[in-house]
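Enquirer: Those sequence lines, one after another, are chains A and B. Heads up, the first sequence is in our numbering, so the first residue is 189 and it goes up one at a time. Heads up, the second sequence is in our numbering, so the first residue is 188 and it goes up one at a time.
Hints were generated in silico from the structure; no laboratory data involved. One should not assume that every hint holds.
[Said to hold, decoys possible] Distance condition first, Cα-Cα at most 20 Å in a straight line; then the derived EDC-like pairs of lysine to aspartate or glutamate:
1. 255/A with 245/A
2. 367/A with 190/B
3. 367/A with 197/B
4. 252/A with 231/B
5. 359/A with 231/B
The structure presented is a predicted model; accordingly, all values stated were derived computationally and were not measured.
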Amino acid sequence: MQNVELTETIERELISRAQKGDVEAFSSLMEGVQARLLAQAIVFCSDPDLARDLVQETMIAAWKSLKRYDGSCQLFTWLYVILQRQHGRARGWFSRRLPAPTAEQILAGSRREATAATENSEIGADESEILRAIVATLPPKHQQVIRLRFYADASEAETAGALGISVGTVKSRLHHALKKLQGMREKLNLLRTGDH
Amino acid sequence: MNDDKQDLAELLRSDARRIRETEDFDPRLHQDTMRAIRQIESGDKRERGFIWSPLKVSATAVIAMIACVWVLWPGQSPVRPKVHPGPEIVLAPSPTPGSAFAYRQALIEGEDALLTMLDQDARVVLPRSADMFQSNRGAPD
Numbered sequence: 189m190q191n192v193e194l195t196e197t198i199e200r201e202l203i204s205r206a207q208k209g210d211v212e213a214f215s216s217l218m219e220g221v222q223a224r225l226l227a228q229a230i231v232f233c234s235d236p237d238l239a240r241d242l243v244q245e246t247m248i249a250a251w252k253s254l255k256r257y258d259g260s261c262q263l264f265t266w267l268y269v270i271l272q273r274q275h276g277r278a279r280g281w282f283s284r285r286l287p288a289p290t291a292e293q294i295l296a297g298s299r300r301e302a303t304a305a306t307e308n309s310e311i312g313a314d315e316s317e318i319l320r321a322i323v324a325t326l327p328p329k330h331q332q333v334i335r336l337r338f339y340a341d342a343s344e345a346e347t348a349g350a351l352g353i354s355v356g357t358v359k360s361r362l363h364h365a366l367k368k369l370q371g372m373r374e375k376l377n378l379l380r381t382g383d384h
Numbered sequence: 188m189n190d191d192k193q194d195l196a197e198l199l200r201s202d203a204r205r206i207r208e209t210e211d212f213d214p215r216l217h218q219d220t221m222r223a224i225r226q227i228e229s230g231d232k233r234e235r236g237f238i239w240s241p242l243k244v245s246a247t248a249v250i251a252m253i254a255c256v257w258v259l260w261p262g263q264s265p266v267r268p269k270v271h272p273g274p275e276i277v278l279a280p281s282p283t284p285g286s287a288f289a290y291r292q293a294l295i296e297g298e299d300a301l302l303t304m305l306d307q308d309a310r311v312v313l314p315r316s317a318d319m320f321q322s323n324r325g326a327p328d
């Protein structure tokens with residue numbers, strides 16, 4: 189039942205029914221995306237229980253605003269945007285304004301939490317940890333495009349549709365976000381080599 | 188710089204793939220979520236019913252009130268009493284004493300009427316006890 193791969197036609201049919209108030213159709217849709225959404229939520233929250241709450245809140249918010257989904261992006265991309273917003277709200281006004289961690293703090297944190305890289309992964313766990321930490325330091329609009337483009341696997345057009353901005357703006361934000369990430373990584377690498 | 192960006196993009200994709208592999212479907216989470224949604228949905232339906240009933244009642248009351256006013260309004264009522272047209276009465280304006288119109292009317296009626304009117308008006312302006320009338324009373328015609 190889990191990992192149900194919904195064909196586009198079935199998905200469209202289910203979305204249409206759910207938009208008319210069919211809870212069972214919505215349930216089927218959520219079965220198909222829950223695992224992926226939960227994995228992303230764990231990246232946001234770092235805590236599995238909080239991540240489950242976040243996914244639940246996301247799905248409830250999605251149900252409430254499902255009529256506004258216009259199909260300009262994949263359902264998962266749309267849900268991912270809601271997930272990001274719910275996470276932003278949960279963090280609240282105060283924490284959003286906390287100063288972003290410095291490169292030194294990120295490096296120290298990654299050393300504490302680093303685990304051995306899995307054999308199957310192309311990226312090590314510690315590298316992954318650092319990468320996510322530096323993505324989290326980006327301004328929200330840059331985080332959004334990076335996460336949608338790479339983590340939600342949305343195309344530039346889909347990202348634009350999900351965020352309600354132009355493709356040109358998506359490209360521009362991606363360019364600046366990647367530039368900032370690259371700068372941060374270089375700084376971290378310098379710190380690392382300085383340690384050794 | 189472009190190569191660096193490509194590397195970074197590839198690294199991000201790789202991290203995304205790593206994330207996708209981590210979690211399995213959580214049936215308990217799904218059940219809890221759907222239960223919460225069903226509760227919200229049933230609550231909404233009840234709320235909608237609660238809101239709409241008084242609205243319907245109010246709307247009906249307003250419509251009834253408008254209908255009553257329309258029926259009872261004298262100019263609009265379809266049940267207003269029928270008025271049979273009688274002979275047309277032309278009301279002639281009563282002439283104001285001393286006015287030019289009054290004199291014209293008196294002239295039409297005759298010389299006597301005119302003289303009577305002149306006499307009446309004169310009495311209004313001059314009292315009967317005025318010297319003019321007294322002195323003339325004793326004089327020969």
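Enquirer: Honestly, which of those hints from before does the structure not fit?
Expert: 5
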